[in-house]
Amino acid sequence: MATIIEPTIFELSSPGRRGVTMPASDVPTVDLPAKDFLRSELPLPELAEVDVVRHYMKLSSFNYSVDGGFYPLGSCTMKYNPKINEDTCRLPGFLFTHPLQPIETVQGNLALMYEMQDWLKEISGFAGVTLQPAAGAHGEFTGVLMMAAYHKSRGDTKRTRMLIPDAAHGTNPASVGMLGMSVVTIPSDSRGNVDLKALEAACDDTVVGMMLTNPNTLGMFDENIEKVIKLVQGCGGLMYGDGANLNALLGIVRPGDLGFDVMHFNLHKTFSVPHGGGGPGSGPVGVSQRLADFLPSPLVGIIEEGDDETAPLYGFVNPKNSIGRMKAFHGHFGGGLVRSYTYILMHGPDGLKDIAQYAVLNANYLQARLRGTYRIPYDRICMHEFVMEGHFEGSDVRALDISKRLMDYDFHPPTNYFPLIVPEALMIEPTETENKDTLDRFADALIKIAEEAKSQPDLLHNAPSTTQFGRMDEVKAARELVLCCWLPENYEA
Amino acid sequence: MTYIPISPQERDAMLKTVGVKTLDDLFEAIPAKRRFPKLDLPPALTEMEAAAHLADMASSNENVRQDLISFLGAGAYNHYVPSVVDHMLRRGEFYTAYTPYQPEISQGTLQAIFEYQSLMTNLTGMEVSNASHYDGATATAEAVNLAYAQYRGKRKKIVMSPSVNPQYRAVIRTYSQGMGLTEVGDEAGNHEDGPEVLMSLIDEATMLVVVQYPDFFGRIYDYKKLIDTAHEKGALVCVVANPTALILLKTPGEMGADIVVGEAQPFGIPLWYGGPYLGFFTTKKSYVHKMAGRLVGETVDVRGNRSYVLTLTAREQHIKRERATSNICTNQGLLALGCSVYMSVLGRQGLQEVANLCYQKAHYAAAELSKIDGFGLCHPEPFFHEFVLCTPKPAGEVNQYLLDHGVLGGYDLSTDYPDMQNHLLVAVTEMNSRDEIDTLVALLKEM
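Sequence order for the protein chains is A and B.
First residue of the first sequence? That's 927 in this note's numbering, and the numbers climb one at a time after it.
First residue of the second sequence? That's 446 in this note's numbering, and the numbers climb one at a time after it.
No lab work stands behind these hints: they were computed from the structure.
Some clues are possibly wrong.
[Stated by the list, open to error] With the Cβ distance kept under 10 Å, some of the chain B side facing chain A (calculated, not the full set):
1) Asp485
2) Val573
3) Val733
4) Val741
5) Gly749
6) Glu798
[Stated by the list, open to error] Looking from chain A toward chain B, a few residues come up when the C-beta cut is under 7 Å (computed):
7) Val956
8) Leu1017
9) Ala1063
10) Pro1349
[As the list claims (entries may be wrong)] The calculated lysine-lysine pairs, modelled on DSS-like cross-linking and capped at a C-alpha distance of 30 Å, are:
11) B:Lys735 to B:Lys670
12) A:Lys1078 to B:Lys601
13) A:Lys1362 to B:Lys461
14) B:Lys599 to A:Lys1084
15) A:Lys1047 to B:Lys478
16) B:Lys678 to B:Lys730
17) B:Lys602 to A:Lys1246
18) A:Lys1153 to B:Lys735
19) B:Lys729 to A:Lys1402
20) B:Lys483 to A:Lys1047
21) B:Lys678 to B:Lys735
22) A:Lys1374 to A:Lys1362
23) B:Lys730 to A:Lys1402
24) B:Lys729 to A:Lys961
25) A:Lys1156 to A:Lys1246
26) B:Lys669 to A:Lys961
27) B:Lys602 to A:Lys1084
28) B:Lys730 to B:Lys669
29) B:Lys678 to A:Lys1246
30) A:Lys1123 to B:Lys478
31) A:Lys1156 to A:Lys1047
32) A:Lys1084 to B:Lys678
33) A:Lys1009 to A:Lys984
34) A:Lys1153 to B:Lys466
35) B:Lys730 to A:Lys961
36) B:Lys599 to A:Lys1078
37) B:Lys483 to A:Lys1156
38) A:Lys1402 to B:Lys735
39) B:Lys483 to A:Lys1362
40) A:Lys961 to B:Lys816
Only a predicted model underlies this, so the values are computations on that prediction, with no experimental measurement involved.
Positions of the beta carbon are idealized from the N, C-alpha and C atoms, including for glycine.
One chain only, chain B, in its complex shape (with noise of 0.2 Å):
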């Protein structure tokens, strides 16, 4: 299959405008040993059949809306998307467009991440927002170079939570091996400690404090006593968060965050095995010079129209190279317009319906949870969507007897917390319903 619109006549006339004689004559340049390597490749396979071949290595996966009920969380999460999203999504004029350099003609994509700037700031509570990062790792990675940045090197500090997600903490030491910095919070053995333990940390030396919320246990918290510790330190204090659980609780803004950031694939995209995803981060206003990524403001053409511009370029890269805050060069455009479809058409009421469906959900699920012999909840504090289940055996061995009763439990602690091996992180979902709830019950009543 070629998508090349070019017909062998053309292609002859074409190149004798060139100037050469074949197409292999354009590649001289290439040194002559190394041209035209042979590719060892499977042959090209036509529409048909590569459409059916996809097909086939997609069911040979086991899904969680066809053949799996999944309480797994940690991160990525299972919602309902509604259909409107992917119809716009699919929009070519949306898909097939580049990043809106030139904005007489790219006004379509510029008010649509102006509109989901908007919808992040009032979300978080917070004053301005980018365009997007590449995920909520990458965007917690980029809250510690803001900070880095806000402080000129000077403070090299991080107090880390031992109960933001490890994956986000493990992405945070690759991208900062550079900068010379130290971590100290999350070391091994106090990762159930509350953030009243990480306030006698923070010291005048501290750039940056980072939080989840609701942590990575589900657990969720005030911040604002360690936000205002943090603060009288000079210290810039970072939130973690998910947004479903923001429709309903506090805003990190509320607190007196300094950034908020987090990982917005519960907002109307797939789980898609893991990405693309949509890193959202938010900050003050007094922060927006320092911050990486790209961003959108309202301005006037030529005409007074209302319109939409990429702004405060200078900070970038292709202005700035070596100096730039960030490398960062893309958003996650696309995803941006999904999730702030995914808001407007199911609208503030919608979102307090889903996030009050998870709230119900997963309390029902652990309250029945904690009835059997020998589990129960693991943490008195309150909780949104998710839990960690203290289990009677191993959480590896709960799930995997879940599995062989096709059921993903949760998500087994002990990967990233050595000593946490009966801790069951179970996630609830409105896409969970009461018979998947009663169906988990009763298999570990039977265990």
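Only chain A is shown next, with the shape it has when bound in the complex (with noise of 0.2 Å):
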């Protein structure tokens, strides 16, 4: 049997408890439908607020956080998340506004999306912006169908292949499978860079485009990236850029201008977000001219211009080609659109740019410190983050182990086995709201556990050892398949 450190929910349930009440009726009391239509018994938990408040907290302090520590996931961009942001996501203005009322009475949520798609447009140099797409895949979806219908429009059918290089995230791939379209897979070169001439050979007239990751997975910048952009293009494919690692390039240099025809943002990552545990997440999704008119539609506009003494008229509008919808109504404004809102006006232009400068110098004086002590199989100067193997000759410790063991110093492993074109792969990204003492100790720690995986090997094999909870059996869980926790004996009908 195994030890339970914190119940569930359901175990900690007993029937007749209560937490919070609701007010008595104040209309006359009318019959229920027929039993037929009534469920016979709901199996839900019975507690006081105080178990609840106990619970959830013991939970909390199970988990990691960047608010707890550093949290160095490459990809991730795990930076910290101004408190501020969680006040003016929580105005009531914003809390109680309904998705459906008139436009007339929500013209401060509208406004602020119209400032937020002018934003996004002047930040990345693309003609159009929705703010619908609620997570970067489903932004990548969106991008992917805007390529499929800008073909459809022109009658050029033939077009099923989309390139995308071997360093690419696995959401790429998938958001071209939903689509039935197929995947050719371009490599990287020896500095990582899209292989060009790889890249020439693939391009033809059954091109869809490209998906490109840049600064790429391996936190490179493509040092090739116009010719890259002028090959697709070529050929008539169109260019998309996964946004994923954005924050490296705001106020350095705006993907529109390199010629991306479309690329979609993680305002979780860049626009500080909290990840909320793996969501929710908001992807809005910038593209050029000549795929304006395939956005998703609604779109904020103006519907009356303003003058000098009234404020515009902002409501909805449609492409004219548009794709259809995304989602049920206008993207995820509260959590995502208010904060990364919020965020945006707190930094402007030069504040944005010094993110950006600050996410590649932490990169890189991690890089400087460990270079000698890791293997970094594409050395160069890195963008926001840089990949490094974890692992050693003679030494059967592997990136893996190195990751556990870093817990017992108390910090967030970096991303492991990816990107998958790396033996051992361990992407690190440190963000720029870490400071020089973090780095320096985490620096030392990665050092320190080098040094250990040659004379006590066990202590990474067995590891993490200080934590509440040691490695997990993960043939188990998929074996068993237990996913769920009724225990229909506490319940009474």
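Using the hints, put the two standalone chains together into the complex.
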């Protein structure tokens, strides 16, 4: 029998216990529908408020978080999330507006969305922006749908192949798969750039376009980016930018200026929307002029121009050849857009550039400190992250062991085993919100772990040893597939 | 305002370690003529200024707590959220954590999702739940993906009830445009038909039947016969359900549904002008390998502690890449947590009180509104907390008149159903006092 450190909410339940109660009805009572329409039991927990608070507080203590420490998870941009955002997104005027209210009653929301569209255009150099996509992968799907619609509108129906570099995030090919297109993998060259020869060979009139993360998942800005874009567009393809790594580019270069046709933003990475244990994110998409008519509907537009005395009237507009609706309502307004709006407003143009510069400085500083201890397969000035190899000659220690051992030093591990093209990859993204002391402690820990790998490898194999939980039996989870914890004997009908 | 914790002296020391002179030197890989664009954005504000600016913007809205009386639902509902919910969501340990890829230091998130999965399956009467989707509309679109994968593309027909939320149907059309599906059932003209009309459309080519419960017009149907018919033809059935209604009503699981999805916003998530919300997705165990999204399973750690991990990850995009069922990467983790706290702190009895208040108040409103000359309920079927009121004038005009008096009357159904001009969809929840309902009735009497 396993030891239970914290019971589930069901196990804590006791019949008859009460939490929050609701007021008595102030209207005459009518009968419920006939019994055939009603459920016979409601097997849900019964607890007092204090039971609930203690339970979730206990669970929260099991989590590592950005508020608690350094979280250098590559490609995830785990930066500090300013507390003021938590207050602005909960202002009653935002919290309590219904998505279907008449536009005259929600001009504050619409003005915020309109400005946000404009600001994201300005930051990225694109002609149009939709705020609707709910997350990065959702934005990717939106972008690929627009690329398909563009070709279709031109009667160009034989384009079915999407070019994707071998370093790409798995959502790229998966987004393409959702549309039934095929994926052509393009290798990287020895400097971590797209292999131009391979790209040239793949470019023909069956190419939908290319999906490129730049900086890529090795943390490298592609040194031939303009040639890459020229090749893809030269054969009639469209250039998709995965904006996962936009944090490195704020005020540094605009993807639209480089010639990208479409890119998704990850507001939960670049613009400080907290990650929430896996979501909600927010994934607006920017497009060049030739794709603007295909944006999802609706967008926020000006319905009646204003003048010196009156503000314009904001409302919804539908692009001419829109791909349609990506989700219900208007995107992740409260939890996504209001937080990011606050963040951009407080940084201004110079502050945004500082973010990118210090994110890149911190990554290069860590890379410099770890060079010589760990093998860095693509060793040049990196952008906001870099990838090193978590293994040593003559040792059976793996990247996973190093990651787990880092927990004993009270750090969150880097992303491991990604990108797939680096053996035993450890992908490290410190972000701009870490100070030098933290970076030094982290580098010191990794150097110490490299020594331990030689002198006491079992320390790594058995890590973590100081955390509340040890390594998990993942095979058992998949084999037994216990996904639910209903204990019906605790309930009275 | 900056959040960068590095002094100029520290910066210089770090630049020296890196081996460059200035920050700008780090960017030589970027084409020189495109480097360092001047961004035309408003100048930076301090926290004090930004807080004031945002407060101004927020207060220029009219909200449904302080400024307006609201009977607007149609997919997003004004419910009371107990204080505890947001207190828990504001814990940095929860909201500043990432997807729980490292289970040893993410057991809080993992156990919370495991409990969420359990709460949702118990609510819907289904066997498994994933860790959530973006919203009810995209969860419904993922049900189409599941059915498509289940039949490996060999069945390509969807029977779609016209009384499924129009936005959900629109999202399904967007999502499925690469699949070559045919959709029948929701063509113009038949949108007020009941489920029996759909039964004749189900055949051996049908992969999925989609219905809503209560439907978009608020009507409650027992879909058992429809589901049995679908199963006879080998088709799957997806029921889009309202969670508040499920507190009271027979579960779709009991009716035999294969997939139950919906929008969990009513369970502890603010209206927030439409998002972020929480799409729930529950199904039978036999379809778990075709289900998209994150999934948490129970296991033990090396010390013998009961613990939880993300499981069946081989279904997902980071392993399967272009062969994955869906590209979904995130869930709505924090809002799933909020939903769990909401369900826990109200508990079985508190939730029953919420559902009962919604039911009683909606029926009081319906009865009083029906007494007004020229007004009446459009449909005879039982309803839960939302119903269609037939109005003597176009619903748009009725709404404008009510708005002039500070009331959001409901949803004008002609927005999506052009021939339903005089049809107002009215939602009533525990937030609507008898006084508010009486105000609505009095205003319409005077119209």
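*In rising order, the numbers of the hints this structure does not comply with*: Hints 10, 18, 29 and 32 not satisfied by this model.
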